[in-house]
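In the order they appear, the protein sequences are chains A and B. In terms of our numbering, the first sequence has 298 at position 298, counting the first letter as 1, and numbering is strictly consecutive. In terms of our numbering, the second sequence has 1065 at position 65, counting the first letter as 1, and numbering is strictly consecutive.
It should be emphasised that the hints constitute simulated quantities derived from the structure, not laboratory data. Small disclaimer: the values here were computed from a predicted structure and weren't measured. Some hints here could point you the wrong way.
As the list claims (entries may be wrong) - Where chain A lies over chain B, by a calculated footprint (3+ residues, C-beta under 8 Å):
| hint | region |
| --- | --- |
| 1 | 1160 to 1171 |
| 2 | 1261 to 1267 |
| 3 | 1281 to 1293 |
Stated by the list, open to error - Partner residues are not named here, just some residues of chain B that face chain A (Cβ under 7 Å, in silico):
| hint | residue |
| --- | --- |
| 4 | 1177 |
| 5 | 1302 |
| 6 | 1305 |
| 7 | 1306 |
| 8 | 1309 |
| 9 | 1310 |
| 10 | 1313 |
Beta carbons are placed, not taken as given, at the ideal position from N, Cα and C, and that holds for glycine.
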Amino acid sequence: MKYIARRALHAVILMIAVSVLSFLFADLAPGDYFSEMRLDPRMSAGAVEGMRSGAGLDRPLPVRYIRWAASVAHGDLGWSLAYNGPVTPLVWPRMGATLLLTGTATLLAWLVALPLGVWAAARRGTWRDGAVSAFLALLLSVPDLLLAIVFLAFAVRTGRFPAGGMTSAEFPSLGAAARVGDMARHLALPAAALALGMLPVLARHVRAGMIEAMDSPFALSARAQGIPRFRLLFRHLLPAALNPLISLFGLSLGTLLSASLLVEVVMGWPGLGPLFLEAIMARDFALALAVAMLSTAFLAAGNLVADILLYRADPRIRLKA
Amino acid sequence: MSRRIKIALALAALGLLHAAIALAGWLAPYGFAEQRREYPYAPPTKVHFTDRAGHFQLRPFVYAIEPDGEGSYREDRTRAFPLRLGVRGRLFGVDEPGVIFPLGTDSVGRDVFSRLLYGGRVSLLTGLAATLLSLALGVAFGVFAGYFGGWPDRLLMRGAELAMALPWLYLLLAVRAFLPLHITTLQAFALLIAIIGGIGWVRPARLVRGVVLSGRERGYVEAARGFGASHAYLIRRHILPMTFPVALTQATVLIPQYVLAEVALSFLGLGVSEPVPSWGNMLAEASQYHAIVSHAWMLAPGLALAPVLLGYLLLADALEER
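Extracted from the complex, chain B is given alone in its bound form:
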């Protein structure tokens, strides 16, 4: 496969995933906090195409489910609810009192599929925003250090070496823990972006600095300087554009890393907290003893991470190929 095709494929797959998550409000059959306490830990709802007599139905349907008293559910074959498009302003659903849980429910009867889509918003948006922040900081500091050199450059690079030697998760936890623990969801979200992006800028800064160091000695830059161009002009016109390819490849590496950082923090209870879902706090519930024993569908957010990571990985690989 040529490089162009690989990039196009990875971009298309990632675009689809991100679009699905951006459209959570429409794709998800229920709200993220909508509880149906009568259906705790319901397994994924089976969608049927043939009725009891074995006849094929053009419109798929689901049966009503009821607890069997042993922690599991059975279908009530006398009550069928056809799948309908455009119910309650959402893409699909069934009429009340029927229910449809494509990926089952959690302990308080919330639809895991809906929470997966809404949770993806938090996790992916944190990854994207933190990447933007850390690239902005990284390019700014990297250009500054590489272009002007001197003691700020040495200080910055020593600090970067220190920060890169430390385990990132320990660093994240330490920074997070010294900040207030009980905050609103929006504050937690902003805080996660600030911490993850604020800690992560050293790696892009080092790479950008390297590019700037070699770039400022280029003939055309020297020539422009000879003609009396100011620092501001040189940086804007010649130095900054050189850093864009590095910033782009770094973005494909950093986004998945930061999504994982959000997942890890929320998993450990230091990120976004209930009832707002994030893939991290959903996985925390899935790793509880009773959930892993008999409710495997709750691992869905972990599985959803895989295509996201794979997409960015393929994109990064394709971009690095020359």
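Chain A extracted, bound-state conformation:
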């Protein structure tokens, strides 16, 4: 349990570090939300200054940080200048959308990558293994951006899938089952694009991990004892190969969020990515910070899950802690 507590502490430190660095960095950077207004000849310099102090931007950095931290403690993520409203109701639905998209894509990618990697490793050195490797290398060299655009083109040209958005216009009037179906239709292509981007990296690691496990002495001994091939692969070898894969899951979350940002922007998925882009273009610091904090929380939570899984899967860690 001490192990989990230590990892949780890590996550909290990560969040605090990101928020402090964001404040420092935004303070060092030239300009803020109001600096574009200063160029407007219809606005007097005094009026802009008044609005700045109204938004609390003229206070010293530590004061602003403490005020922000206090309001976050109350569950309020700040005030968006660009939307002229509280940030919290803006970001929560976006967070849900990103979670849905990345969660589905991760599930899809692992569901394909695990059997594919095990299958290829079991046939190491044959033409089938070679074909899988070549296919994965090809897929790995297709940029996520191109995948997203091609899937969008597919949606627009065939008309079988909706192009953009998370729900149809008539969504509120639909029944519960129809709502799920509608969202699934909207989710299908973005999730597939994201999953295809993740698949080759995962499958290559699964294959490499399995091959390493197959070469270990315990695999030879298990085979000598006559354990059936299927049982050997999935019951004995896969768990042994799982440790680095779980770490990979934790480490790849950052890449996943980055890829998700591109897919969200291209395919019009209302997730955190487009909101972040919008916020930083408008220099809406509170909004950008809220998105940054939520995505950091997402990462920290994902890493914590990976740590717990690792703790469950690997007895060595349990004994050490």
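With chain A fixed as given, assemble chain B onto it according to the hints.
Then chain B, alone, in the frame of chain A:
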């Protein structure tokens, strides 16, 4: 295939690609900003080898094209223009008023093929330069932290852990957005290299540090230290050369990653902007609704990325094989 052959093949393919892009000024039939407003969204020009009577022509030619009024183009079979080598100081082209667009044109009638070659200069050069920068920083910090240890080492490694946990695209966007948005192309180019390379050095730094940590305990290093060698001498003579293999394999991993970073930033409108092409801002135009509906050739920069990424991937795989 042996490892040597794989490396040679990947290097040859990458060399060809990079040479083609370096020679953009000569290979491209038009300039990157040359507009022909009378030919918006013209499809790739067909090159013919047989004339109307069906006779084979030794010199390939193209027909004049004209808009058919429905957003598409038709060939004017009465006006043929032979393909010529060495026109206007470029490798190939056709005489005016004929036009040749090997990969079609964009919304203002600019040749996509020419822009692809010129755009590759921006995208690939950003990747290469940012890699150099981040390797230089990574080796410097990694050697410093690994060799001297102590609190700078701990600080550096904690910071590296933090930077590596964050999603790189969010980090890039945040850093980029806090810097001035309206700048010249050259400034944008330098800025992209500085940001991408400046953020990316933590991974090579960690790897280099690991090599240095084990390397400084080697017998010959200890011996040199025993003979009274200075820190500067030890680092230059013994420690730095140990880091080169790591730096080399890292380069093959980082270059494609940084090319993609440039593409992503320019795609999102935070990188190099019009009229200078980059594969990113070209893809931004290609992902517009009307472009994806009927102008598939505009996806060319996305497809051009694939062989570049594949080349570096094969090279990295071959280098890692032992």
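Status of each hint after checking the structure:
Figure legend: the region 1160 to 1171 of chain B, annotated as covered by chain A; annotation consistent (8 residues with Cβ-Cβ distances under 8 Å, at least 3 required). Given a C-beta distance limit of less than 8 Å, the hint that chain A covers the region 1261 to 1267 of chain B holds, as 3 residues qualify and 3 suffice. Restraint check on the region 1281 to 1293 of chain B versus chain A: 6 residues with Cβ-Cβ distances below 8 Å, three needed, restraint holds. Given the 7 Å rule on beta carbons, the hint for residue 1177 of chain B holds: about 3 Å separates it from the nearest Cβ of chain A.
The interface hint given for residue 1302 of chain B holds, since its Cβ lies 3 Å from the closest Cβ of chain A, which is under the 7 Å cut-off. Annotation: residue 1305 of chain B was flagged as interfacial toward chain A, and the flag holds, the nearest CB pair being 5 Å apart, inside 7 Å. Contact between residue 1306 of chain B and chain A, as hinted, is supported at the beta carbon level, the nearest pair being about 5 Å apart and thus within 7 Å. Checking residue 1309 of chain B against chain A by beta carbon gives a least distance of about 4 Å; that is within 7 Å, so the hint holds.
The beta carbon of residue 1310 of chain B is positioned within 7 Å of a beta carbon in chain A (closest approach about 4 Å), and the interface hint is therefore held. Interface hint at residue 1313 of chain B: satisfied, since its Cβ lies 6 Å from the closest Cβ of chain A, which is below the 7 Å cut-off.
The structure agrees with every numbered hint stated previously.
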